[in-house]
Amino acid sequence: MVKRKMTGWLLMLTLLLTTILPHGAMAATGDLKSIAIDGEGTTLEMTVGGSKEIKVWGTFEGSTGTQDLTNTANWSSSDNSVVTVVKGTLTAIKVGTATIRADYNSATSSITVIIKESHKELKLEYSSEGKYSLDAEESDLAVKALVTSVLDGAGTSKDTDVTKDATWSSSDTSVLTVEKGQLTLVGEGTATVTAKYAGLTETFKVTVILPYSKLELQYTPNGTTETAEDLELVVGDELQVNAQSTHTDDKDSKTDVTEKATWSTSDSSVVTVEKGKIKAVGLGKATVTATHLGVTAKTDVYVRTPYEVIIVNPSADQSMFIAEQIDAEARMRSGANRDDNVTSVAEWTSSNLLVATVSDGKIVARAAGSATIKVSHMGISKSIKVTVYPTVTALKAEKTKLELFKGDSSSLPKITATKLDEEELDVSDIVKWTSADESIAKIENGKVVAVAKGTVTLTAKLPSLAGTGLSVRDSEISVTLEVTEKVLTLLSDEEKLSVVIGEETKLPAITAVWEDGEEGDVSATVEWTLSGSNSVIKTSATGKTIKGLTKGSATLKGTFSNKTISIPVTIEQKITKIVVNPTSIELNLKKSKSIKVTGFYSNGKTVNLSSKMGWESSNPEVATISSTSVKAVALGTTTLTGSYQGHKASINVSVVAKLSKVTVDEKSLVLPPGSAKTVVLTAEYDTGSKATVTGSAVWTSSKPSVAKVTGGKIEAVAKGSTTIKAVYGGKTVTIRVSVK
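Take the sequence shown: its position 342, counted from the start at 1, is 342 in UniProt numbering, and no numbers get skipped.
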């Protein structure tokens with residue numbers, strides 16, 4: 001029971017100590033090691049009249065934390081007239097420096113405290129009540145900033161100039177700017193000037209007025225002063241213009257401000273201006289402006305030139321080699337008759353002096369590259385481009401022979417030059433080409449154009465130089481051009497070829513027809529190709545042939561000049577004989593009939609050759625043949641001939657008119673016995689023609705005992721009736737005969 005009471009008292013004591021002891025007191029388990037004031041080793045700054053609390057902390061043996069000793073430590077100040085301290089609370093008394101010290105047991109800690117004056121007020125001192133003319137003197141534009149500071153608790157104070165340390169600003173920089181208290185007036189208007197220092201701010205309003213109401217530009221031609229408006233000058237002229245200002249408070253009072261005004265030009269390539277002196281330097285229009293203390297005056301200046309153009313010779317862009325020189329010339333022209341040489345007085349410039357230099361028209365190539373040479377005089381200029389190439393010693397053409405068809409064109413051969421390091425330089429764009437005969441070929445737009453059939457020499461040469469050039473410029477390169485007619489078409493003596501396996505067949509003969517109508521056998525120069533692997537082209541002493549290898553088909557192509565001809569080729573076994581059906585044909589006009597041709601191989605097998613015979617008609621005006629069908633065109637006869645693998649065949653064709661009908665001149669007869677009568681039988685054809693065919697018809701009598709007939713002659717035998725019939729070409733006609 002006693003132990004329980006003791007335990008309870010211990011718990012209550014612990015809670016009580018935790019509540020009343022300072023922070024960290026319970027952490028102390030051993031002797032004090034050290035104490036430290038907040039900010040120990042630094043300097044603390046305060047202002048007069050201010051107060052601040054600082055703490056001191058203790059560190060004990062065996063503890064990782066610190067204990068707040070602020071209320072139990074002994075505090076002291078080295079100068080209580082400057083700053084006092086009570087339980088860590090500092091009070092600033094007056095300006096000065098003191099050391100604040102805290103002691104606890106045998107431990108000590110201190111900090112230095114500096115007491116500064118307290119700023120009470122910021123004041124600005126300025127002149128003219130803040131109203132200034134734009135031409136005010138600099139000394140009148142100085143503003144002073146004073147800060148009033150409290151030195152001690154008794155209220156002792158002083159003013160300090162902080163103009164250089166304050167922060168200055170203007171509410172409108174188009175009116176004025178301010179820096180370290182110095183105002184710079186910019187233009188008419190009102191602005192607020194603000195100064196800031198140590199948390200204090202002060203402002204004042206500034207009004208800027210213009211000293212002048214206007215500015216006028218004047219010049220004096222022929223001793224008379226005139227307003228400078230729309231001035232006209234010639235390139236090279238100079239004109240003095242003066243700036244006169246009118247005072248704001250006295251309109252009758254004027255001041256010459258030419259030297260003080262700010263002058264500018266809208267285009268310095270036309271006119272320049274300095275302190276009112278205008279100089280015309282180039283053709284065009286520019287505006288000259290004078291500005292002084294807020295007022296501005298302008299005048300337009302029109303600059304003309306006594307010349308119209310400047311001409312440079314050479315006028316085209318130039319290609320040069322290193323160390324070459326060109327003696328260029330510049331001439332000015334005005335009108336038809338005025339022509340002045342200005343080479344020596346004009347201004348010559350080079351855009352790249354490393355590549356080319358120029359002086360008084362002499363252009364010297366210095367290094368490979370390009371530069372623009374410009375010559376200017378009296379506002380007019382002209383430029384030429386100069387391209388500089390490395391030094392070369394010889395020229396060479398990529399091709400020395402060309403072939404073209406008439407009417408065609410082609411790029412000219414590539415021309416190269418040999419450099420000093422033996423490497424090649426492409427000079428194709430530099431050389432100039434000429435044709436020895438422009439009726440055959442001419443040079444146009446960097447190409448050669450073939451005009452007519454023939455042979456002509458084309459010559460390439462570097463252009464001559466208006467100055468000192470390399471010897472290679474005297475070299476010439478010649479190229480021979482052969483101009484031929486274009487081939488209109490190629491004709492073959494064989495439309496198709498049949499080649500027997502294992503045998504050789506001659507290539508067809510080819511005739512070329514040119515566009516000018518000329519023809520020629522070109523068989524020997526045709527380039528032949530053969531598709532597939534069923535056959536092959538062979539060359540022998542007697543010429544080229546096709547040898548059949550395996551059954552199949554191929555295409556034989558022959559190329560000559562600009563044309564190609566294709567001939568189908570069939571490769572097959574050898575035919576031993578052919579049979580044609582029919583062997584003769586009779587046709588009416590416009591009628592057709594098919595022809596069948598059967599071929600027999602050596603093994604007994606057959607093949608239809610109807611479309612392979614290559615039939616031809618000896619008289620196409622009578623009958624034509626197309627593949628396997630013959631068509632009658634006109635009355636007459638013709639012979640069809642064809643062959644295959646050397647087997648020839650022929651068919652006789654007769655074209656006859658078609659019989660429309662037959663008529664007889666007597667339809668009925670009455671004859672006495674023993675008498676006779678000959679009738680006439682007429683055939684009428686689809687052509688409209690007629691023919692007597694009495695003797696060609698077949699005549700019969702239904703009762704020969706009454707009357708008989710022979711070749712149209714009817715003989716009466718005995719009384720009675722009979723019918724006489726005549727048949728011709730499948731047509732029949734009858735005659736009734738009575739014998740009385």
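There could be a bad hint or two in this list.
[Unchecked claim] When the alpha-carbon atoms are kept at most 30 Å apart in a straight line, the in silico DSSO-like pairs for lysine-lysine are as follows:
1) Lys591 - Lys690
2) Lys414 - Lys486
3) Lys544 - Lys591
4) Lys406 - Lys419
5) Lys419 - Lys447
6) Lys591 - Lys538
7) Lys557 - Lys661
8) Lys123 - Lys214
9) Lys563 - Lys447
10) Lys116 - Lys55
11) Lys648 - Lys725
12) Lys648 - Lys661
13) Lys447 - Lys406
14) Lys453 - Lys419
15) Lys52 - Lys144
16) Lys205 - Lys180
17) Lys260 - Lys277
18) Lys385 - Lys298
19) Lys506 - Lys432
20) Lys401 - Lys385
21) Lys719 - Lys703
22) Lys453 - Lys385
23) Lys414 - Lys506
24) Lys214 - Lys254
25) Lys563 - Lys577
26) Lys731 - Lys703
27) Lys401 - Lys591
28) Lys298 - Lys254
29) Lys399 - Lys362
30) Lys486 - Lys574
31) Lys205 - Lys144
[To be verified] What follows is a set of in silico ranges between Cβ atoms, one per label pair, in the way DEER data are often shown:
32) Ser533 - Asp437: 21 to 31 Å
33) Thr372 - Glu398: 51 to 61 Å
34) Ser34 - Thr112: 12 to 22 Å
35) Glu423 - Thr468: 36 to 46 Å
36) Ser629 - Ser705: 46 to 56 Å
37) Ser629 - Gly730: 57 to 67 Å
38) Lys205 - Asp230: 39 to 49 Å
39) Ser410 - Lys551: 25 to 35 Å
40) Gly189 - Thr224: 19 to 29 Å
These are computed hints drawn from the structure, not numbers from a lab.
Each residue gets a CB set at the ideal place from its N, CA and C atoms; glycine is no exception.
Hints, verified against the model:
For a cut-off of 30 Å, the pair hint linking Lys591 to Lys690 stands: about 21 Å separates their Cα positions. Simply put, Lys414 and Lys486 have alpha-carbon atoms about 25 Å apart, close enough for the 30 Å limit, and the pair holds. In summary, the hint linking Lys544 to Lys591 is not supported, as the alpha carbons are separated by about 43 Å, beyond the 30 Å threshold. For the hint pairing Lys406 with Lys419, the CA-to-CA distance comes to about 37 Å; that exceeds 30 Å, so the pair is violated.
Among the hinted pairs, Lys419 with Lys447 is consistent with the structure: their alpha-carbon atoms are about 26 Å apart, no more than 30 Å. At most 30 Å may separate the alpha-carbon atoms for a hinted pair to count; Lys591 and Lys538 exceed this at roughly 46 Å. A distance of roughly 56 Å separates the Cα atoms of Lys557 and Lys661; the hinted pair therefore is violated under the 30 Å criterion. For a cut-off of 30 Å, the pair hint linking Lys123 to Lys214 is broken: about 38 Å separates their Cα positions.
As the CA atoms of Lys563 and Lys447 are separated by approximately 24 Å, the hinted pair is consistent with the 30 Å bound. Simply put, Lys116 and Lys55 have alpha-carbon atoms about 22 Å apart, close enough for the 30 Å limit, and the pair holds. Restraint check: the Cα-Cα separation between Lys648 and Lys725 comes to about 47 Å, which exceeds 30 Å; the hinted pair is violated. For the proposed pair Lys648 and Lys661, the alpha carbon gap of about 40 Å is over 30 Å, so the pair is violated.
Between Lys447 and Lys406 the CA atoms are separated by roughly 14 Å; this keeps the pair inside 30 Å, and the hint holds. Our distance criterion of 30 Å between C-alpha atoms is broken by Lys453 and Lys419, whose separation comes to about 38 Å. Straight-line distance between C-alpha atoms of Lys52 and Lys144 comes to about 34 Å, which puts the hinted pair past the 30 Å bound. Restraint check for Lys205 and Lys180: the C-alpha separation of about 17 Å stays at or below 30 Å, so the hint holds.
Taking the CA atoms of Lys260 and Lys277, the gap is about 13 Å. The hint holds against a cut of 30 Å. Pair hint Lys385 plus Lys298 does not hold up; C-alpha atoms about 40 Å apart against a cutoff of 30 Å. Distance hint between Lys506 and Lys432 is unfulfilled; the C-alpha atoms sit about 51 Å from each other, more than 30 Å. In summary, the hint linking Lys401 to Lys385 is not supported, as the alpha carbons are separated by about 34 Å, beyond the 30 Å threshold.
A C-alpha spacing of about 11 Å is found between Lys719 and Lys703, which places the hinted pair at or below 30 Å, so the restraint holds. Of the supplied pair hints, the one linking Lys453 and Lys385 is violated, its CA atoms being roughly 40 Å apart against a limit of 30 Å. A C-alpha spacing of about 43 Å is found between Lys414 and Lys506, which places the hinted pair above 30 Å, so the restraint is violated. For the given pair, Lys214 sits about 10 Å from Lys254 by alpha-carbon distance, which is consistent with the 30 Å threshold.
Between the alpha carbons of Lys563 and Lys577 the distance comes to roughly 38 Å, so the proposed pair goes past 30 Å and is violated. Our distance criterion of 30 Å between C-alpha atoms is met by Lys731 and Lys703, whose separation comes to about 21 Å. Using a Cα cut-off of 30 Å, the hinted pair Lys401 and Lys591 is violated, with the two alpha carbons roughly 61 Å apart. The suggested pairing of Lys298 with Lys254 holds, with an alpha-carbon distance near 18 Å, which does not exceed 30 Å.
A threshold of 30 Å between alpha carbons decides the hint, and for Lys399 with Lys362 the separation of about 37 Å lies outside it, so the pair is violated. For the suggested pair Lys486 and Lys574, the alpha carbons sit about 41 Å apart, so the restraint of at most 30 Å is broken. Between Lys205 and Lys144 the CA atoms are separated by roughly 15 Å; this keeps the pair inside 30 Å, and the hint holds. Distance hint check for Ser533 and Asp437: the Cβ-Cβ separation is about 50 Å, which falls outside the suggested range of 21 to 31 Å.
Against the hinted window of 51 to 61 Å, the Cβ-Cβ separation of Thr372 and Glu398 comes to about 32 Å, which falls outside the hint. Range check, Ser34 to Thr112: Cβ separation about 19 Å, and the 12 to 22 Å hint holds. Under the hint 36 to 46 Å, the C-beta atoms of Glu423 and Thr468, about 25 Å apart, miss the expected range. A C-beta distance of roughly 53 Å is found between Ser629 and Ser705, which places it inside the suggested range of 46 to 56 Å.
The hinted range of 57 to 67 Å is not satisfied by Ser629 and Gly730, whose Cβ atoms lie roughly 25 Å apart. With their beta carbons about 44 Å apart, Lys205 and Asp230 fall inside the hinted range of 39 to 49 Å. Taking the beta carbon of each, Ser410 and Lys551 are about 46 Å apart, not inside 25 to 35 Å as hinted. Gly189 and Thr224 have their C-beta atoms about 39 Å apart, which leaves the hinted 19 to 29 Å range violated.
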